[in-house]
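Put together the whole structure using the sequences plus the hints.
Spelled out from the first residue to the last, the chains are:
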Amino acid sequence: MGDHMDEKMKYMQEDVADFIVRNSRDGKIVTLAEIEASLVYGDEDQATDISQILESIGTDLDLKKIDDAEGNTFYYSGNEMTDKYAGIIIRVKDKDILKLIGDTVREESRRYPRPTYVTMFNLPPYNLTEGELTDMLSELSNDSEYADLKFTNASNGTLFVYSNKHMSKGYADYLAEWIEVGQDENP
Amino acid sequence: MAVSYGWAGKVLRVNLSNGKITTEDTGKYKDYIGGMGIGYKVLFDEVPVGTHPHDAKNKIVFGTGPLTGSGAPCSSRTNVTSLFPTNPKHMVADSHMGGNFAASMKYAGYDAIIVEGKARGPVWLRIEDDKVTIEDASKMWGQGIYNTTALVASEMGKEASIAAIGQAGENLVNLSVIMNGYSHSAGGHGSILGAKKLKAIGIIGTGSLKIAGSSKELLDTNSYMLKELIGANNNHVVPSTPQPWAEFDSKGSRWTAQKGLYWGAAEPPVETGEIPPGDITTVGLRTQKGVKDLGPVAEKYTKRMGGCQSCPIRCFSQLEMPQLEKYGVSRYVSNTCMGYSAPNGVMIKGTSDQFEKDDGSFIAKTLGSQLADDYGVWCNYGMLGREFKYIYESGKLKEVLSEEEYNSIPFDLLEAGDPAFLKDFYRRITFKEGEFSHLGDGTYWIAERWNLGDDFWHGKDQKIWSPLGYPVHHSNEAGAQVGALISCMFNRDSQSHTHMNLIGSGLPADILREVSAEIWGSEEAFDFPAKYTPMNEYKAKFAKWSIIRNVLHDSLTVCNWMWPMMVSPVKERNYRGDTALESKYMSIVTGENYTEESLDLAAERVFTLHRALTVKQMGTVDMRNEHDVIMDWVYDMDPDMEPFTEGTVKMEREDMQTALTMFYEEMGWDKKTGAPTKETLKRLGLDFAASELESMNLLP
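Just so you know, the sequences run in chain order A and B.
For the first sequence, position 183 (counting from the first letter as 1) is numbered 183 according to our numbering, and the numbering increases by one without interruption.
To convert, count from 1 in the second sequence and add 1000; that's our numbering.
Simulated from the structure, these hints should not be mistaken for lab results.
Here are the simulated lysine-lysine pairs, BS3-like style, with alpha carbons at most 25 angstroms apart: (1) Lys1251(B) <-> Lys150(A); (2) Lys84(A) <-> Lys1259(B); (3) Lys1531(B) <-> Lys150(A).
A quick note: this is a predicted structure, and the numbers were derived from the prediction, not measured.
As structure tokens, then:
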């Protein structure tokens, strides 16, 4: 009986780890409930403390936790997903989109430095629809909190947004053009 | 050389005038490593000043190095050294090509092939290990590169590595290439072979390379490099889209692998996917170069990525495009980067949709690639299209051509954006049809012939870098004074990617500045993009290091589009690369204890020999004012902006002179003239060069 339990625990550990790793690779963070739902053994002994399992496998996959604004906890593997990516997923879940865009643009303008191409926010993990993005950009333009965020177009029409706290218009114009056109012309 | 590890031990010398085929010991070239080093030594010692590139007295050296064919990643480059036809003083320059040719040379037993003299009639060189013969090429003469390659293969078998010239090389067009493996070209030297009547070289090498270290050591080092250090094409180390595993991303990155991006014509289609570093089996998926070079429409035509022997990166897209047969060319396309962009640059009025929406430039690039590659026409790194644009739009073309010739050119196709124009364009250049064909002479010569003035030479749109007639190639737009200095130092466009690999890696500037401080002593070596600062000593060190590593790679030979490993995609390494990796491989392969410093010193020797040869060929020590000169547009662009303002990459004249002085100091060259001093030449073991220059009164 003891051996049976140990073996079952081993399987559950493997399955839990596998579930978290697969989802992390796929760009998803998961709740305890989702982990539990993934374990289907058809066995009345399934009522096992998932938290206990998570504790036992934590180091192997660099298990990380992140909470949303409502206090729901999500799990991901730090070996497969960066904290930054997980943080973006949470902020999208929390519908903190405007501030997420603002923070992202300011950080890119400061650090790289580069203006941000707006269609990046259509891609995972942001996943904004065309309509949502248009609405956000409009809100951005009208919100005094984001008065430093300005727009520029490369000559091929690609729209960029930048923070004038960190770069001048001329600089943003040059960098946008370089990203979209200059690099291709200087392979 | 006794037992030879790394080096094959022999240099093959073929005299086409008298048919003599001999070998010599590579040992006498060992201080120059190989590749470019052997090339410059031969040219310095054996080709008299004033020799014309097409003269029988000129020599051409196909060089490999001790790492070529060793199994080290990215190690099958052939360096080609000879006089350069487009250069106004026909000075020495090197070109290089990838593919399998270099490795085949090594396995056949040769570190280099020196070709001298001139055959009476068309010949090709057949090398099967130590059996070397000069064969009749009269049936091949007049054929394009594709047919020539097939004809040689029909004689030697499909295992042969074959380098050939097309009709452009045969017709002594200055802008011509030598090509191996259908798409790997060495630009600018095709007419040298044409002048020698050497149509092709076919090699079968059944031997192997002796490696001093254990195979475990070599394989462990390969594993280390492939798991922890190597990025994607051009060593970009971040993906081009946000991905779960990646802390950073960059839209311009060549690490384009992502969900939903495929090799669309593979059977079944291969998804590139989200592939973190660490898995060596997925390195070749990182760069979907078809889409990167050709646009989204290329995805469904992309069969696979191709490339060079021992390279995991696979930067050549290989496509199957049935629609190309409409133009009379093969449906099978393979090329990369400028091989595609240059023909599109000829379509100066843009392109229109041909077979489907948004395929105009796609067709121009692939059709142009087929035409240029088969004819063997070189683009002078895109200069050909820009020159054509200038002479067409300025009215100069109408002025220099007869009315009859002008009217015979299908400019209606050009104006309509129809890529079929390229068929006429490349044919005229290849077969030297009419005055138009002088576009194939190269920048300096067409400017002289057609009396092109300052607005040509100093116009920003033409992007001419040097009065020697070569263009921008990762110059002032790539690292401020660093790129500018690098671009001044050779006798053609510099083809140096060391600095660009770092600048374009995709990591944020703060990390790149930290890395710069670690390698060159201060963060000040690295300017933020288009936010330049005045020259400083650290930039001079950066420039020197970049050139020296480029020269090292072209001597070892490894691919400078990938090496050196300055940064890494691995966060756990803090994104740090391993700049000692070349020396690690050299130590394992040769059994000799190489260090970063010892290899860099050898490369410095090779580069200084190049400089000494340049002085000798120019007949002046005044490199500063006669050679290291930059066209005015670099200083005068963006007239409403001052240099060192964010948003411009314009340089400042006095500052560039300071930059040259600092660079000369780093190199141990005369601070006033930029010529190598006797002291430096002797320090580097180039006493023979010091003596010869002294006898010619060419020491500063």
